[in-house]
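**Q** As a plain string of letters, each chain reads:
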Amino acid sequence: MPAHPDILVLQGNEACAEGALLAECGFFAGYPITPATEIAEVMAARLPEAGGIFIQMEDELASVNAMIGAAWGGLKPMTATSGPGFCLMQEGIGYACVTQTPGVIVNVMRGGPSTGQPTLSSQQDVYQARYGSHGDYEIIVLAPSSAQECLDLTIRAFNLAERFLTPVVILMDEIVGHTRERVELPALPCIVRRVTPPKNHDYKPYEPEEANGGVPYRADFGEGYAILVDGQLHNVMGDRVGHLSGPSAACVKRIHEKIQRNLREIEDVVCNIPDDTARIVVSYGSVSRCAQRAVKEAQAGGVRAGHVRLRTLFPFPDAFFASLATRFKNAAFIVPEMNTGKICREVQRATLRPVRSLPKAGGEMHTPAEILAAIGGA
Amino acid sequence: MHPLAEKYLRKSALPTMFCPGCGNGIILNAMVRVADKIGADGFSYVSGIGCSSWLPVMIKADVLHTLHGRAVAAATGLKLAQPGRRVVVFTGDGDCLGIGGNHLIHAARRNIDLTVIMINNHIYGMTGGQASPTTPLKAVTKTTPYGSDEPPFDACTLTTAAGASFTARETSSHPRRLAKTLERAILHTGFSFLEVMTPCPVQAGRNIYGNGDPVFLFKEFAARAVNNPDESSVSGCFRTGILHCESGKPAYSDSKSKMS
Ligand SMILES: Cc1ncc(C[n+]2csc(CCOP(=O)(O)OP(=O)(O)O)c2C)c(N)n1
Ligand SMILES: [Mg+2]
Chain R
1 MPAHPDILVL
11 QGNEACAEGA
21 LLAECGFFAG
31 YPITPATEIA
41 EVMAARLPEA
51 GGIFIQMEDE
61 LASVNAMIGA
71 AWGGLKPMTA
81 TSGPGFCLMQ
91 EGIGYACVTQ
101 TPGVIVNVMR
111 GGPSTGQPTL
121 SSQQDVYQAR
131 YGSHGDYEII
141 VLAPSSAQEC
151 LDLTIRAFNL
161 AERFLTPVVI
171 LMDEIVGHTR
181 ERVELPALPC
191 IVRRVTPPKN
201 HDYKPYEPEE
211 ANGGVPYRAD
221 FGEGYAILVD
231 GQLHNVMGDR
241 VGHLSGPSAA
251 CVKRIHEKIQ
261 RNLREIEDVV
271 CNIPDDTARI
281 VVSYGSVSRC
291 AQRAVKEAQA
301 GGVRAGHVRL
311 RTLFPFPDAF
321 FASLATRFKN
331 AAFIVPEMNT
341 GKICREVQRA
351 TLRPVRSLPK
361 AGGEMHTPAE
371 ILAAIGGA
Chain E
1001 MHPLAEKYLR
1011 KSALPTMFCP
1021 GCGNGIILNA
1031 MVRVADKIGA
1041 DGFSYVSGIG
1051 CSSWLPVMIK
1061 ADVLHTLHGR
1071 AVAAATGLKL
1081 AQPGRRVVVF
1091 TGDGDCLGIG
1101 GNHLIHAARR
1111 NIDLTVIMIN
1121 NHIYGMTGGQ
1131 ASPTTPLKAV
1141 TKTTPYGSDE
1151 PPFDACTLTT
1161 AAGASFTARE
1171 TSSHPRRLAK
1181 TLERAILHTG
1191 FSFLEVMTPC
1201 PVQAGRNIYG
1211 NGDPVFLFKE
1221 FAARAVNNPD
1231 ESSVSGCFRT
1241 GILHCESGKP
1251 AYSDSKSKMS
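Taken in sequence, the protein lines are chains R and E.
Residue numbers 1 to 378, in the working numbering, belong to the letters of the first sequence in order.
Residue numbers 1001 to 1260, in the working numbering, belong to the letters of the second sequence in order.
One should not assume that every hint holds.
[What the hints assert, rightly or not] List time: in silico EDC-like cross-link candidates among lysine to aspartate or glutamate, alpha-carbon distance up to 20 Å:
1. Lys1060(E) x Asp1213(E)
2. Lys1256(E) x Glu41(R)
3. Lys253(R) x Asp220(R)
4. Lys1256(E) x Glu210(R)
5. Lys1011(E) x Glu49(R)
6. Lys1256(E) x Glu49(R)
Worth flagging that the hints you see were computed from the coordinates, not collected in a lab.
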């Protein structure tokens, strides 16, 4: 028996699986793909012991749809993949959004497009995670930057999925997924479960419930409610209205509003911004580790630098950035990312300020020195 | 309204959107009768996209109307989550054998305890009459204006080869036989596959069978259904009845739920 059974050394992928087990994940459907495979392997070994079900499906189309079936069967479902598989899941993610089906989808990002770079890291899929399926929808996207956060944010992803009846994407990257570090298991993790309709309630499966923050109640299949789940736009009972403009607009509005009116609950920004900050580095995922170091060094050297780390990427914290822009009128924003520059556009949109993008292609993370150079001298 | 319809149909989904002369209503009728007989409470329904996939939406039960081709994959997740409930999938020839063919063969291979009812009208009905994987050779459709140059699938042979422990074929021209075989398929433990041959007078009638008249087509389908394997080699004929039944073959959903 180790001295501290709740302190482990895990790679991010393993920590993600541990988080899923702690969050009472009951169903995992997956298909092997580098660099995400370890998540499925841990779940294959551990989920049956925990009373859950693991299945290796024939492809990622099947995985995401099996997840949807399991969710309506009352389980908390999960799948994990990387770019090529994430592409195949997009239609199912849209279906889960419009049918308000909870589930956690992990994308351990590798370089793309296409087969791309199976073994190297990237942050290229941030817009795909937000906008990858067709049509108008809201989705929650989280981005851990350490093994510990892989665990913590996986628990949070399940909680958000159940709370808001929506798919939640965890955007890891190869570096975070494969880096082995100290992970502390929470003693009493807070676990959220979908809210069931109260007894004698006139149950409408897609009706936003004021008492539940505008989120519907959720009964599972087999409880006698004759629930209709349909990917066609539908009314609050699930009956199709795709041919009618007013009711269709109302359906789309419902899946947006339940997220937008609860932004505070979903937002998750970690800040290190001294009062007189003149340069603000904005980062997420593994790049945050180097950004953190660069900002620290800059501060030690007397540079008025600050750091904003996004743990919830989407919905993007527009209001937070707007207030930041107001508070730090002359601060420059610097956004290092392992892509051609994507989240920098979000920062620019939300701050209405020139933003310096620090893109990096090829699969290697920025060095602290590169970010430090961008921050510049005092 | 018929008392069974009163009891089991989802009124908000009526009237059906099926064209006059469509066989899907007969299949819905058979499904409701079988559910009534063996206990409707225990059923969940899953379907894909197509006219045939709208069928269970009209049943007042838990219904997962999924994406084009993905019904069997979603049903797999639902069945594993709720192994004690009967999961019945409705799908079309395009949904099941075209875009969803991979899920079909893998579900058959696992012998998971699902019942898949594939409504074969030899055409993509919902999108307006394009060739499907069961469109006969030489048939003219909207996407085979010079006649189809691809041989069709035999779905029962395919699923049997893939490992399904029950395969059968019936027609909507024989509603009583259809209900009987449907009941057998549902009561079977393991993957059961029932192909229902049915006319689509509007999209397939004239082009594939040379006549769009529903009465002609229902008679024609009745005539083409044969029980004797030898006759089924006659062009246009198909064998009906239970084609393959292995009892006692382990069902995947059972072994999974025992593990946990
Ligand atoms: C991914 C995707 N591709 C194409 C379509 C368009 N589509 C809708 S129904 C259908 C054909 C259905 O044919 P079949 O399964 O034979 O059902 P039928 O209408 O004949 O009963 C197609 C291609 C779709 N909805 N989704
Ligand atoms: Mg068809």
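**Q** All the hints need checking, so say for each whether the structure fits it.
**A** For each hint, the structure was consulted:
A threshold of 20 Å between alpha carbons decides the hint, and for Lys1060(E) with Asp1213(E) the separation of about 31 Å lies outside it, so the pair is violated. Of the pairs offered as hints, the one joining Lys1256(E) and Glu41(R) holds, with about 17 Å between alpha carbons and a cut-off of 20 Å not exceeded. Under the criterion of a C-alpha separation no larger than 20 Å, the hint pairing Lys253(R) with Asp220(R) is inconsistent with the structure, at around 23 Å. In summary, the hint linking Lys1256(E) to Glu210(R) is not supported, as the alpha carbons are separated by about 39 Å, beyond the 20 Å threshold.
For the hint linking Lys1011(E) to Glu49(R), the alpha-carbon distance of about 44 Å lies beyond 20 Å, and the restraint is violated. Note on Lys1256(E) and Glu49(R): the hinted pairing holds, with a Cα-Cα distance of about 12 Å set against a maximum of 20 Å.
Of the numbered hints given earlier, the model fails hints 1, 3, 4 and 5; all others are met.
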